[in-house]
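**Student:** Below are the chains, spelled out letter by letter.
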Amino acid sequence: MTTIRRFCCNDLLRFASVNLDHLTETFNMSFYMTYLARWPDYFHVAEGPGNRIMGYIMGKVEGQGESWHGHVTAVTVAPEYRRQQLAKKLMNLLEDISDKIDKAYFVDLFVRASNTPAIKMYEKLGYVIYRRVLRYYSGEEDGLDMRKALSRDVEKKSIIPLKRPVTPDELEDGISESFRYAKHVDKKMFLVMNTFNVFSVVVTFIFHCTLYLYNSWIMLLYNVILLYKLQYSEFSLSKYF
Amino acid sequence: MRSPNSKKAKTKRLESIRSGIQYLIAILRLQPGIKQKMASKLGLAGGIPERRVRPIWDAIDSRQFKNALKLTTTLLSKHPHSPYALALKALILERMGKPDEALSVCLNAKELLYKNESLLMDDLTLSTLQIVFQRLDHLELATSCYEHACGKFPNNLELMMGLFNCYVREYSFVKQQQTAIKMYKLVGEERFLLWAVCSIQLQVLCGNGGEKLLLLAEGLLKKHVASHGLHEPEALIVYFSILEQQAKYGDALDILGGKLGSLLMIEVDKLRIQGKLLARAGDYAAAANVYQKILELCGDDWEAFLHYLGCLFEDESSWASETINTPINPPKYVECKLTHLTDEVFNSCVENASAFVQKLQAEASNDSLRNPCLAHLEIERRKCLFRKNNDDNLVEALLQYYSRFGHLACFTSDVEAFLQVLPPEKKMEFLDKLMKNSNSLSVVPTRALGQSITLLKTQELIGNMFNLSVAELEGSAVQMAELYCKSLPLSKDLDPQESMHGEELLSIVCNVLVQLFWRTRDLGYFIEAIMVLEFGLTIRRYTFQYKILLLHLYSYFGALPLAYERYKSLDVKNILMETVSHHILPQMLASPLWADLSNLLKDYLKFMDDHFRESADLTFLAYRHRNYSKVIEFVQFKERLQHSNQYLVARVEAPILQLKQGADNIEEEESILESLKCGADFIELSNEIGSKSLTFNEDFQSRPWWTPTTEKNYLLGPFEGISYRPKENLTKEREENVRGFIERKSLLPRMIYLSIQSASVLYKDNSEINDSLADPKISTELKVLLERYAKMLGFSLNDAIDVVVGVSRGLKSYEVFGSDVIDWLNFAVFFNAWSLNSHDSGRQGGERTPGSWHVVNSLLENYILGKLRSMGPLIQSPQGDLPILVKLVTEPLAWHGLVIQACVRTCLPSGKKKKKSGSTDQSISLLSNAVRDAIQSLCSVLEEVAKWSQDQIKSPEDNKIDLLVSSLKRNGGAGKVFNILETLASSPNETELGDRISQALRSWSPVDVGRKIVTGQCRVLSEFWRICESKIKSLKTLKQQIALV
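Residue numbers (the numbering used here), protein chains in the order written: chain S, 1 to 241; chain F, 242 to 1286.
Bear in mind the hints are in silico, worked out from the structure with no lab data behind them. The beta-carbon is built from N, C-alpha and C at its ideal position, and this holds for glycine as well. Any given hint could turn out to be false.
Claimed, not checked - Quick list of simulated restraints, FRET-style, between CB atoms: (1) S:K157 <-> F:S503: 41 to 47 Å; (2) S:S114 <-> F:G981: 49 to 55 Å; (3) S:D142 <-> F:E1233: 42 to 48 Å; (4) F:N1230 <-> S:K120: 39 to 45 Å; (5) F:L640 <-> S:S67: 41 to 47 Å; (6) F:L348 <-> S:P117: 57 to 63 Å; (7) S:S114 <-> F:L348: 53 to 59 Å; (8) F:V1248 <-> S:S67: 56 to 62 Å.
As the list claims (entries may be wrong) - Derived pair list, reagent style DSSO-like, types lysine-lysine, alpha-carbon separation capped at 27 Å: (9) F:K933 <-> F:K847; (10) F:K453 <-> F:K423; (11) S:K89 <-> S:K100; (12) S:K89 <-> F:K847; (13) F:K1274 <-> F:K1188; (14) F:K600 <-> S:K124; (15) S:K88 <-> S:K103; (16) F:K423 <-> S:K100; (17) F:K600 <-> S:K88; (18) F:K1108 <-> F:K933; (19) S:K100 <-> F:K517; (20) S:K88 <-> F:K733; (21) S:K103 <-> F:K847; (22) F:K814 <-> F:K847; (23) F:K534 <-> S:K89.
To be verified - Incomplete in silico selection of chain S near chain F, CB under 10 Å: (24) L12; (25) A37; (26) Q64; (27) R82; (28) I97; (29) G126; (30) V154; (31) K156; (32) L171.
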């Protein structure tokens, strides 16, 4: 007994019972509204009788070429409506839109590596762990990038798991967007992230050097490229002025 | 279920993109293209080779503003007349916190742009300037730059888009429309036409545009469709809404059925539009068919079912359109009109509906689908409403629903609307039957637990808890606590972050204990309620429902710092501040915790103001991404927030808090008043609030039953059974109250200012001219405000004066003030200030006798001391009159203190002044005597209050803790539930409960909870004591000064 419809601004005033739950993040307004302004089809709310908000899903579609994919940014269900498969319904909806309307290759999402119940649930919904993203969460905890292939990816190439973990800076443009753009807007964060970058580059380098010893010279070349990329991939804000 | 990109990470990363430049950058970043293209055009940026500008960009990027400034200065030496270089400099200066310099550089750049005809006028320069102007709150300057540029290069699309953006920021819908039309004419693109159409819609919905404008929009669209067709689904949606607003449903249906209809790719979406249009056109039969189709496609769509029924019953009320102040949480029942139906028609409708629901039920492959069952309930409910004799069937349907879905946590919220139509005796019958069913609970333990909880929640919902005797209530609380303990092992293997089975039980126990306290006034129950919730949080610290209940219990118990702590642990931020802060804000406003209150108000106002600032940029983003329906939505949403009653209250309360904080030092107070433009803006707010529509966005659903709205707290009054606890936010009464409150409160800053002036200019020129009693304007204005204030209290000025004089002389009791005592005392204070400096031939005014001084002194003294005497120690008497005492000291008494300070300052001999005449001397001595008395009176009152606070602070902590804990260990009365929990905690069965729960249980310490309460109360008292002491100190200094006169 659920009405699933597009999320609208007024729902922001009604989702307190969902968002007071400690695992659900309340983002700033520009975040929600940017999603509404850009990907309204990827932001849906489930409403129960008495117009109660049961849960919602927000996401987007992005990427280039074969990386064109739907992304689940947040999915959450109010405590009293849990264990009724509502999350599944919401996820299916987003997958459907990615698949049928936007013809994406896959849908992905990020989850804390420690969040076992959520990982299990996503696995049940057909998602596989595609790769581990080192220290994705505030530079503290690893994230898992989970994916589910859609019909356009006939050979299911998009979900073949990567053997090595990646750093947030290695993520494709769209995926790492929020990660990187926050880097420049808050001085404190900037420092944190910068320290983190140096650190993660070192970690990755050591990691790959070890691999090199066991594998081939190609890995070393890869590392050089990686370091070069990291040095110059720094996103520049001022070019927009 | 949880958010995949979970909490902390997102918070840190995204929290900071809130405002201004960062946001703009974010926007630009989200729509890459334009600026880069601009920048790299011919390798020039604003006419300067890009390689020269890049280092500056990089420096800004890495926040090395000093370096960036240096580089810009070098650049400017080479390109002294480049507006872009200047714009960059301005941007850097603004970022460095030098707004004045930034503005002047910006204005230079603007001047250069205007002056030099041959100069390049590119969007990069203009948009950089625009960012700075916007940050400096000079949107109009940015607009004029773009207007100038567009005038110079009339066919430049990029500049026109920039100009359109400026108008979006200014909410100039007409100019938006004109610019969009120009762009449309220039390139003929669909999107610009839609920009214009949206601008027209906004004029009608949010501006002053008449509905006739819609015809224009329709015409524009029609013409475009004829020549070019439409390509965006969103464009079609806008087209429909334009037609719908004009009630041209038939036209819309034709379009939907035609070629354009294929733009809507999701079949159900298309059907929903079709159903709505048909129903609004009055073709209910066809609409019902469409809704049937929707339900066949998505059997769980509740809204579709309601619309389906609405169509069958030919009831238009289910399509009522929303207005700006439509409540955010609409009433739980579904509006329906049935009176127009004959018996026959009604019966056949019901038959059709029932048959359809049965079909749905049979087809439902998924057993967990609630819709068909609820649909059945809804049909039975309508039968009840129509015939009034269908209660038994509804009860039967409810029982069936319970047998299928009774284990679900949402059962009670699902059935709430259906229960509402039953008379009380039928509700009880339903409950009885449920109770009987409870013997046959499910064999699955979690399911059985869910069913038991549902039973208890239903009992609560029906209001049956209020019909039970004290012993029965106690018994049921004990049972619930036992059930909770018994169900703990079920959660043994759950992740600590996951909700535990049976968590709700403790909330219900708390509610029962609070009721027991309300009935018996045995404080033990109240403390037991606190203990129960704290116990729950010891086992799982994330349960927000416990935190909210505790927050209110602590507030009531005078331990506000604890309440605030609990509030903070809810992590209320961003939009939740608008919907959730009602839990704490009202209590904080009446508390001495000024630093916390100030943060609360500051954060909230910052959030709202930031949103108002960035909202237009987001609207523009929606324009750019062709999501036109969101354009309208964003603008309407901003208006809703701007009209928020809570926002307006906070806007008034924030400066009043500042004034309270500065009241012991008149110079400080005057500078605060100066920064508030002497209260002039607030007078304006007070003037216009009467005609302003207010919105009520607070979410009251999570409030406890004993305080269902911010104004109501049942515990303050004697026990009465409550069967229905409305938590509806918007009521006429509430709106009136808030209006009155804002109207009154926003007069305060100005009245304080005028009172100080009135006391300061006293005798200014008296030495020379006898009748020049200072500035007559002040006196006149203050009198007008006093008249308004009196009117708001329900009296004419003279009658209000009579009342205060009567009360001060003991001829009338304080009861005549009712609940407005603070306002009455404020009135008396301002009246005294006005009397000091008035020509008015009225009775009290102008006499310049100590009469009005005496009125204020005795009013304050008698009332405060009276309160003090009636108040017991905080630890034994929750709530009590502490908040009102705090208000008395920090408002009327503080304002009176300011008048005294102003008088002392005026009386003090000043070297510059000429020798005073004899009559002035006499007046001054009269005044100084009155002031001396007032100081004496206030001092003695404050000393009493300070002593009262100090006595409680000093009383030994352990005694107080003992008092709390022992109230739970008496024979009889409170403590039974507490004992059950204590027993569990003292010897947890580790194998049954698992490590985590056992460990948590071992850490449980009721004494710690008691200590926290005592410390919390002491902090409130200490803060209050500090405020009193500061006032005493200030008054003592004044006393010494006045002694010299």
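**Student:** Check each numbered hint from earlier against the structure, then list the numbers of those it violates in ascending order.
**Tutor:** 1, 3, 4, 5, 12, 14, 16, 18, 21, 26, 29, 30, 31, 32
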